[in-house]
Amino acid sequence: MARESRPAHNAAATPARQPPVNSDPLTSTGRPSIAVRTPGSQGRGLQRPQGLSASGRKAPPGPTATPHARAAFRTIDSRRAAIFTPHRTRRRSGQRDARETPRNFLLPLGRVLARNTQPITTSSSSPGSLQNPSSGIRQPGGNTILEEEDEDDYDDEELPKRPRLSLPIDVEDDDDSPLQPHRSAGLEDENFTVQSIELPRRAISEQPGRRLSLGSVRMSDYYFNANELRSEDVGIDSGFFPPMGAFDEDNDAAFGTDDEAAGYDDRQETDVGRRESGRESDFGIVMPGDMNESTFVMAPQLQDSPTRPQVDFNEPMFDNDDPRSDDGGSSVGGGGHMIEEDWQVDDGGGGNETTVGVDASEMNDDATVLAKSAALQRGGSKSKKRCKKVSKHGIEYPALPPAVVKRLAQTFAKTSGAKGKITPDELKAIMQASEWFFEQLGDDLEAYAKHAHRKTIDESDMLTLMKRQRQTSSQTTPFALAQRYLPRELLQELRMTPAPLKKCRKANNSAVEEDEEVT
Amino acid sequence: MAPGQKLYPRATVKKIVKAHSNCNLSKNVDVTIFLDYVLFMQTLMKEAAIQSKQGGERGITARSVRKVTADTLAKFKG
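Protein chains in written order, with numbering that gives the first Met the number 0: chain A, 0 to 518; chain B, 0 to 77.
Do not take every clue at face value.
Label pairs and their in silico Cβ distance ranges [as the list claims (entries may be wrong)]:
| no. | chain 1 | residue 1 | chain 2 | residue 2 | range |
| --- | --- | --- | --- | --- | --- |
| 1 | B | K52 | A | T455 | 40 to 48 angstroms |
| 2 | A | S473 | B | G55 | 37 to 45 angstroms |
| 3 | B | D70 | A | T414 | 15 to 23 angstroms |
| 4 | A | P423 | B | A10 | 24 to 32 angstroms |
| 5 | B | K52 | A | P423 | 20 to 28 angstroms |
| 6 | B | A10 | A | T414 | 25 to 33 angstroms |
None of these hints come from the bench; they were simulated from the model. All values derive from a computational prediction rather than experimental measurement. Built from N, CA and C at the ideal position, the CB exists for glycine as well.
Start from the sequences and build out the full structure, keeping to the hints where you can.
The structure is reproduced here in structure tokens:
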């Protein structure tokens, strides 16, 4: 509506043209008063007021309006119209946008330019193709010209240009394996999960040497390390529990068999390991080997426990008399040097007096001491054959009698479904395991007792240990276990435990106890 | 079930533990210790039997015992 009025107003700005056209409608509208002054412009002025009067506008100042005033009114009216028709501008702009395409400008431009411009001619273009643009002045003709020119370009080229390959094919062909397998291709062949197995680790607080009972490195751990690491597959952390391929000799020693000397070499090999362990070593006995007679036995704990030197000299090395006699002859002089290595190791292991690196003078002193000890040993008795082990505290202890171990093992082997007797090899392994077990148990119990500021291992320590071993729980009480596994005589002993320990147990435990007593 | 007619060497066990712990033992602890040892042996033999069966060996062998010793000891770590 407003758009229609605008061209009319523009036309009204030139009143000379307008009067003849608009005079008739003005008269037809029947408002002669307005048409009096400026007939050409009043038609506009009257038409406007008509439309605007509908919106309640007062009568325009039409009669007295100069063209400038009219223009001012027009702007005011247009503003009003713009205010009261909210989407007017948008509608207008939308219509105009729909109409204004590039084509609108290009069409007249093409008409103007087509007359005086020549079509673009390439050097290779044929003359025939030039005829079309010259003849066709119309616009679609221009489009066709361009297309033809493009076609001509392609046609005139003798050979199409070789496409440039992004990847050089030739270089690729030179490769041995043009198709590289995917990285994951090899994964299926082998079982790589084996490598991802996390080996058992110890917490820092449980590192060897930190606390004696927890994670302590036992001397037996390092006993045969040198042999073991070579021979066996190290499935587990070898520092923790060495594979036990070679402790047969130790067991042999425990059993009192003859080939005790076989372990001697192993001991010397693992001397370094024991030195690093920082623990007091228990190797009180070094057997003279059958093969090397020069080796000889020393008492390592001599200086550590001066109060009871006799015990150290009662060593089982007297089993073999031949090397003893040989060494005995030269014990004071030459014997000492042979022992140097072992002696040094034991000092380092004990950590009591000397460091690992022993001076030559100290070694000489040690050698003399050893010689003395050797001399004493010669005079010593052979009575204690069983006392072959020395604990880390320097206390000798007897080995568990193999008969007991064998009986136990036989019983449990039967119950676990294994057939056959227990071979001596197996017994050796079991003996070694039980030795380690007692060592570990002693460490643990010591830790518990020390923690309670006791010097005596109580039964409460043992109960704590069994609880921590998950052997006893709320379901299984220690007494029930004892009933199941211990002979009746031992049960009797257990029943005579002092009263305060009974209090520690549960009520049903005591009930069980009483039932047992009744029966 | 109780293994054996003979009692275990109480003095020996006591001496062993005493040597390892450098502590005195109260009167009847050794019985409990021996009970623990029995349990340990049971576990050891059971594990060894399982191990030997897995390895296709017949009966318990020394190798299987050695293999399971570390695990069993770790299980009995207090």
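Do the hints match the structure? See the list:
no.	hint	verdict
1	B:K52 <-> A:T455: 40 to 48 angstroms	holds, 43 angstroms
2	A:S473 <-> B:G55: 37 to 45 angstroms	holds, 39 angstroms
3	B:D70 <-> A:T414: 15 to 23 angstroms	holds, 19 angstroms
4	A:P423 <-> B:A10: 24 to 32 angstroms	holds, 26 angstroms
5	B:K52 <-> A:P423: 20 to 28 angstroms	holds, 22 angstroms
6	B:A10 <-> A:T414: 25 to 33 angstroms	holds, 28 angstroms
In summary, this structure violates none of the numbered hints.
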